[in-house]
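Spelled out, the chains give:
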Amino acid sequence: MPRLVVFRGDAVENEIRLSGGPVRIGRHAGNDVVLDDSLNGVSRFHAEIRPEGNSYVIVDLNSRNGVWIGGKRIKDKAALLLGVPVTVGAFELALEDDPSGTFDGHAVSPRTVATVPLNDTGSSASGVSSSSSASRSGASVSASRSTPPRPRPSTSMSPQNKQILIWTAAAVGVLAICLVTYTVLRRRTPPPPPQVAQVEPPPTTTVPPVETPAPPPEDPNKALNEQDLQAARDMIAAGNLQGALRERVQPVLERDPENTIALDLKRTTEETLAARAAKPKPTPKPEAPAEPETPGIARKTGEAYAEYQARVRGIQVNMTEGRAALDKGEYAVGLARLRLVDRDAPNYQGAAALIADGTAKQQAAVDKAIDSGQQNEAAGKLMDARRWYEQALQINPSSVIAREKRAAAALKMNQAAGDLFAQGTAALKTGNTQLAKRIFQQVYDQTLPGDEFRDKATKQLELLK
Amino acid sequence: MSRLSLSRRRLFPALAAVVLFACSSVLSAAQLGKIFNSDKNVKYQVFKDPSGLFELEYPEKDWKRLPSVGQNLVSFSRNDGPTFFVGHVKLSEPFTEAEIANLPAVELTTLKDQQPKATGFKSDLFESKAGRGVVIRYSREGAETVIQYSIAVGTELFRINGVIPDKQIAKYEPIVMYMIQSFKAPAGATPSK
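Protein chains in written order, with my numbering: chain V, 4 to 468; chain Y, 1428 to 1620.
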C-alpha cells in the first residue's frame, strides 16, 4: 500500500498509510490529516485524496489557496504520482510506495520510514506514522534517526527531460534568490528556503541524482492581504475610513505586521481622520436675502417664488422683444408684447409710454400706406394699391379703413379680372387662341395668389399649352 | 278773342316739346339716325341666306351681290366704291352674358391685331333685328372708313362689314347702317327686343 508523507519545511510531519478509501486533508480537526496552519494557508477542508483504479488523485475542495503540483495550481483534481510533491499551504505531501504494499505506482523509492500515530483518534487512516521534526537536509539524513529523505520520482528519465529539468531547476533557483533578496530588502523574515528534495539515485538507473525544484513557495496570506487592501482602498474611496481601518487594514497588519502597504494605508487614513477631526465646522453662511423681488414687478400674494421668477422672466422677454419689434417697425407685434407687459406689470420700465409712442408711430405708418394705396388706385394701378392697403393692415391688423380699402380694391380687381377673363373665353370660343392666351396671361398677371380668376386663368393657360 | 289767341300761342310750344320728348323716348338713337339720315329715295330688297342663317335688306339699285368667298357668306358692292359683306364664325359654344358684355373689347383687340395700321377705333353697343351687338368704326389707311357690326346668335358669330370711301361717307353711311340694322338671324326670326 502507498503512503502519504507530509513535510513541513525540511521536517516530516506525518506519514499516512493509505488504505484504499478517501483521505481528507485540512486544518479542521475533523479531517483525516490535520494540517495545523496558524497562518491560514490551509483551508479547514482543503483537499482529499481518493483512489481511482490503481492510482490516486488529489481533489481540491474549493480551498482558498489551492493545491499546487509542479508550480501550478490544480483545477478540481489531479493525479497523484509517486514521488511528485503536492503543496498544500506550507505543507508538502508526497506519495511514496510502501515496499510492503501492493500499490502499483510509477516508481518506487525504497525508504525506511518510522511511523508514529498521527493523532490519538486515528480516525481515518488505517496506519499513520509520524516522525517528529526529522531533518531533510541532504543525504546525511541517517536511517537511525528514522528521518525519511524527500521522496523522489524513481522513473528513469530521458537525457532530454533531465536537461529540461536542470534548466527549470536553475530558473527556479534564480527566482528563489530574487525572492529572498526582495524579502530581505523589505526587512521581512525570509521565508523558508525553497524545499529542495534530496533524492537518492534510483537503484534501477544510472542517472546521477538531480535536485527536483519545488513549487515556488506561495505566501498563503498574500492573496488574502491583497484582497483586504483592495477592499480597504475601495472603502476609503467611498469615504468609509473607519470601516476600512477596522475591517480591512487591521486584519492585514495582524497577519503581516510589517506589510508596508497596509502600514502606509493605515497612516494616511489616520492622518485624514485626524485632519477631519481637527477641521472646524463650517460656519453657517450668512443667509442670502430672502427671495428678492424685481423692481417694478410686484409679487402676488401667495405666489411661489419660482412662479414669480418665471413670470418675471416672461415679462422681461416681452419687454425686450417688444422694444426690438418697435425698432424694426413691426408695430403690431411690438405693441402686442408691450401691452402684455403693461397688463402684467403696469408701468414696468415705461411700458405705457412705449405703447403710446408706438401706437402713434403705427397710426402714422398706416396713414402713409393708405395714402400710397389711394394714389395708386387713382392711377389705375389696382394691384399696387391693394398691396399698399395690405401693408397698412400688416402694420395695424385692426385698422378698419385699411381693411375696407383693401376689400374695395380686391373687388375692383376681381371685376376687372372677370371682364378680362370673359374676353379670354370669348376669344377662345371664336377660335382665336393666341388672343385668348394673351388675355388669360393678363388675368394671371393682374391678380394676386388666391384670387378667383387667377386660378381660372391658370387652368386655362394649362389647357392652352 | 285776343285772350284766346294769346293762350293758343303759349300752348303750341308746350305741345311741341311734349311730342318731341315722347318721340325721343320711344325711338332709339339709331332709329332716329335712320329717320334723319336715311335716303328716303332708296328702295331695299331682302336677301336671304341660302342656308337660312340670316337675312338682310340691301338697295335694289346699283348694288351687286358677289359670290361668297372664304368666311364671307355674302358680299355686296356698288360700282363707285362702297362694299358690304357678312362674315361668319362658328362658335364652339354660345357666349355667356359676361362674354357678350365684353365682346366689344374682344372684337376691338382682334381688329387691332389684324390691322395694325388702322386708326380711330371707336366701339359701341348696337341693336339690330338680330339682337344686341357691337359696332366698331375705324379708319383704314386714311382712305376709307370701316363700320363692323359683330353679333352672336347662338353658336353663330356674324361680322357685318361696310367699307365706305371717306369721300362718300356722308352719302353711303346711312345705307350701310340700314343694311346692318335690317340684319336678322336666323332668317325669318322675330326681331329681338
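Everything labelled a hint here was simulated from the structure, so no lab data went into it.
Hints should not be assumed to be uniformly reliable.
Sample of chain Y residues facing chain V (criterion: CB under 8 angstroms; computed from the structure) [what the hints assert, rightly or not]:
#1 VAL1516
#2 SER1519
#3 VAL1533
#4 THR1536
#5 LEU1538
#6 GLU1568
#7 GLU1583
#8 ILE1596
Fair warning: this is a prediction, and the values are worked out from it, not measured in the lab.
By construction, the Cβ of each residue, glycine as well, lies at the ideal position given by its N, Cα and C atoms.
Quick rundown of the hints versus the structure:
A distance limit of 8 angstroms between C-beta atoms decides the matter here; for VAL1516(Y) the minimum to chain V is near 5 angstroms, and the interface restraint holds. Annotation: interface hint on SER1519(Y) holds; nearest CB of chain V at approximately 5 angstroms, less than 8 angstroms. Contact between VAL1533(Y) and chain V, as hinted, is supported at the beta carbon level, the nearest pair being about 5 angstroms apart and thus within 8 angstroms. Look at THR1536(Y): its Cβ gets to within about 6 angstroms of chain V, closer than 8 angstroms, so that hint holds up.
For the restraint placing LEU1538(Y) at the interface with chain V, the shortest Cβ-Cβ distance is roughly 11 angstroms, beyond the 8 angstroms limit, so the hint is violated. Of the supplied interface hints, the one on GLU1568(Y) is violated, with its beta-carbon coming no nearer than about 23 angstroms to a beta-carbon of chain V, more than 8 angstroms. The interface hint given for GLU1583(Y) is violated, since its Cβ lies 11 angstroms from the closest Cβ of chain V, which is over the 8 angstroms cut-off. Hint on ILE1596(Y) is violated. Least Cβ distance to chain V is approximately 29 angstroms, over the 8 angstroms limit.
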